[in-house]
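Number of protein chains: 2
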Amino acid sequence: MRFQCAVASLQETVATVIRALNVRPESPALECVLIETTPSGIRMFCTDLSIGIESSLPATVIQEGSVILPGKLFADIVRKLPADIVHFHSADDQRTTIRCGGSRTVMKGFPSNIYPQLPQIPENITISIPQKRLRSMIQKTIFSIAADETRPILTGALLEIEPTGLTMVALDGFRLAISRTHLQTNQNEAHAVIPGKALAELLHIIEDKDDVIDLSLNDKYAAFTLASTQFITRLLEGEFMRYRQILPTEHTTRAVVPKHAFADSIARASLIALEGKNNLVRIQIEKDILTLTSNSDNNQIEEIIQPVEIDGKSLEIAFNVKYLTDINRVIEDDTYQMLFQTPISPCVFKPIEGDAFLFLVLPVRVVPVLT
Amino acid sequence: MRFQCAVASLQETVATVIRALNVRPESPALECVLIETTPSGIRMFCTDLSIGIESSLPATVIQEGSVILPGKLFADIVRKLPADIVHFHSADDQRTTIRCGGSRTVMKGFPSNIYPQLPQIPENITISIPQKRLRSMIQKTIFSIAADETRPILTGALLEIEPTGLTMVALDGFRLAISRTHLQTNQNEAHAVIPGKALAELLHIIEDKDDVIDLSLNDKYAAFTLASTQFITRLLEGEFMRYRQILPTEHTTRAVVPKHAFADSIARASLIALEGKNNLVRIQIEKDILTLTSNSDNNQIEEIIQPVEIDGKSLEIAFNVKYLTDINRVIEDDTYQMLFQTPISPCVFKPIEGDAFLFLVLPVRVVPVLT
Chain A
0 MRFQCAVASL QETVATVIRA LNVRPESPAL ECVLIETTPS GIRMFCTDLS
50 IGIESSLPAT VIQEGSVILP GKLFADIVRK LPADIVHFHS ADDQRTTIRC
100 GGSRTVMKGF PSNIYPQLPQ IPENITISIP QKRLRSMIQK TIFSIAADET
150 RPILTGALLE IEPTGLTMVA LDGFRLAISR THLQTNQNEA HAVIPGKALA
200 ELLHIIEDKD DVIDLSLNDK YAAFTLASTQ FITRLLEGEF MRYRQILPTE
250 HTTRAVVPKH AFADSIARAS LIALEGKNNL VRIQIEKDIL TLTSNSDNNQ
300 IEEIIQPVEI DGKSLEIAFN VKYLTDINRV IEDDTYQMLF QTPISPCVFK
350 PIEGDAFLFL VLPVRVVPVL T
Chain B
0 MRFQCAVASL QETVATVIRA LNVRPESPAL ECVLIETTPS GIRMFCTDLS
50 IGIESSLPAT VIQEGSVILP GKLFADIVRK LPADIVHFHS ADDQRTTIRC
100 GGSRTVMKGF PSNIYPQLPQ IPENITISIP QKRLRSMIQK TIFSIAADET
150 RPILTGALLE IEPTGLTMVA LDGFRLAISR THLQTNQNEA HAVIPGKALA
200 ELLHIIEDKD DVIDLSLNDK YAAFTLASTQ FITRLLEGEF MRYRQILPTE
250 HTTRAVVPKH AFADSIARAS LIALEGKNNL VRIQIEKDIL TLTSNSDNNQ
300 IEEIIQPVEI DGKSLEIAFN VKYLTDINRV IEDDTYQMLF QTPISPCVFK
350 PIEGDAFLFL VLPVRVVPVL T
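From first to last, the protein sequence lines are chains A and B.
Quick note on numbering: the first sequence equals residues 0 to 370 in numbering that gives the first Met the number 0.
Quick note on numbering: the second sequence equals residues 0 to 370 in numbering that gives the first Met the number 0.
Since the hints were made in silico from the structure, they are not lab data.
Fair warning: there could be bad hints in the mix.
To be verified - Listed below are the simulated DSS-like cross-link pairs for lysine-lysine, each with C-alpha atoms no more than 30 Å apart in a straight line:
# : chain 1 : residue 1 : chain 2 : residue 2
1 : B       : 286       : A       : 79
2 : B       : 349       : A       : 79
3 : B       : 321       : A       : 79
Said to hold, decoys possible - Derived list of chain B stretches under chain A, where covered just means 3 residues or more per stretch with a C-beta under 8 Å from a C-beta of chain A:
# : region
4 : 259-269
5 : 322-328
Stated by the list, open to error - With beta-carbon atoms standing in for the labels, derived distance ranges:
#  : chain 1 : residue 1 : chain 2 : residue 2 : range
6  : B       : 296       : A       : 110       : 38 to 48 Å
7  : A       : 331       : B       : 3         : 46 to 56 Å
8  : A       : 14        : B       : 310       : 52 to 62 Å
9  : A       : 341       : B       : 107       : 42 to 52 Å
10 : B       : 107       : A       : 328       : 50 to 60 Å
11 : A       : 107       : B       : 203       : 40 to 50 Å
12 : A       : 94        : B       : 332       : 49 to 59 Å
13 : B       : 14        : A       : 259       : 14 to 24 Å
14 : B       : 350       : A       : 94        : 35 to 45 Å
Beta carbons: idealized from backbone N, C-alpha and C, even for Gly.
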């Protein structure tokens, strides 16, 4: 196997596929990245058996072939090569030479037939979506994916496909996040549960731009295809929680929250809440004032946001401050609504208009403070 | 105690003094930062008993006084305050209220008389030096300060004061770094050994600009004074190593090294050297070619730099790659000289002209490779 290519495209391709490299592989082959010639250049592929990333680059192929190389070392070497043409040669015993300018690295490679292959995804469902919209959907739900494995299905996010849009849902028992995008999918209803780890890696690959990404699904796998890169992930098996039945339909108090002031106040209150190790922030809603307070053994903080548009009854309620921080980090709108029923009912966060997101957070029941 | 001041200057001052905060204090008071009124505003002071930083800011003092507050929490709160006027009030029981916009934090403070005081430094030796020159001297020596405590005096850098300049020296048994700056000090010869930890913190405070910093010394302490900030450190006690007698006076081979190409080659070679866990890079000098090689069990790299101006005998020598990396990171010159005697004698790194720096590195004695 022998080819030549520009350093920059090799660097970009390696950096992309290497994201699927297993940090603690079950077999030595999984420490590797696959490099093989194609009719139009080079294909690289990396997998940890749960996700796989393949990407292609143009190259002048002098001799066809394939090899697998230790992935981290190969990526580190390539990243530091001088801006020049790379001369890549892998001998029959997989001894591989990478020449570039005055630099020559010889690495021990291994035969590519021991490397796991990508499953072929039959394209019975294929949807095109602008990258930035998929990116936003993932960002608005990924933080609510369950971290513990008690209910494995909740370590992923539910993707619901309808003829007119996509919905992504994640929940961890204390909070729920829904993100929607309206889109002509030309598909019947379908759904899949995508592992949280795959979504986290996908966020590193998709960019905040309008270029589309193609999503294909079958029963076991989802594939996301960009220009020269394909990202494949196994799906989680099992039934996702029926989340619609836990969404409140009524409220007794509604506050229109100025996002930036609220986020800043939460950031300050969280310092005391975290120092106190109770992680609690209390919210008091009365007239046109929203007050946040947090306490630790020795210190306390009070944040007053005024005027706030408030309809309905006065209310005092407490939350895990981390949940409020997470929500405020992903909401892009300058204002949004918080809908309350009682101090022990879930609180709903929604846009002023539309249904682009819905967050639901369980409050913490607290004993009134004696002061 | 009561004062008002602008958030921005409070934030800047707290961020400066907090660098002296002890992360694992021996007494609870050392978790704190001291705040006291002065005739012109506020003085803040923080110390871990080894170094101390004080800084002042303008403020409207309404009631004189002083308090100590938990340093990390106070700094975190102040950093997140909205851009506004801060109203600071500390009651007689040290209960302290920090108001700013709609934010009000109440912290438990402690009486300031339990806080350690700064020593007064009699200014028998005072030198003014542009910050960027002191910064460069520290950067060029700090990496050679001994990390282990076997010989405590080597965990600091020697500062030598002469009428015409300053010299800083650090060595750890395997390498030595000297940095010189020419300067009318108007001082007789003197010297002090400054702890490495103090120099590391000082690097965070002094900037890469021409504004001067004043250095004062006595037997036990050094003080560095900038506009509104004073940094004080204890000195290390004992005699520093007589380093002059180990500097080679002759050489048999001289190479004029292109810094950037050499640094890039070392960066690549270090990947294999570190993977092989031997950390070794071999340098071969012959005709006008400088060749670097590193090996691990499975992989090897060869870097050719050509043409290189070489005088004297051919030579093969090996180094710990980390030492070469450290030196190339701090040399600013585009070219410098390496002076060799034998494969087992120390190698000297010097500027082409002048004496702004001198690095000395012991080679590693290696058995010739059979290939």
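If you test the structure against every hint from before, which numbers come out violated? The structure conflicts with hints 5, 6, 7, 8, 9, 10, 12, although it agrees with all the remaining ones.
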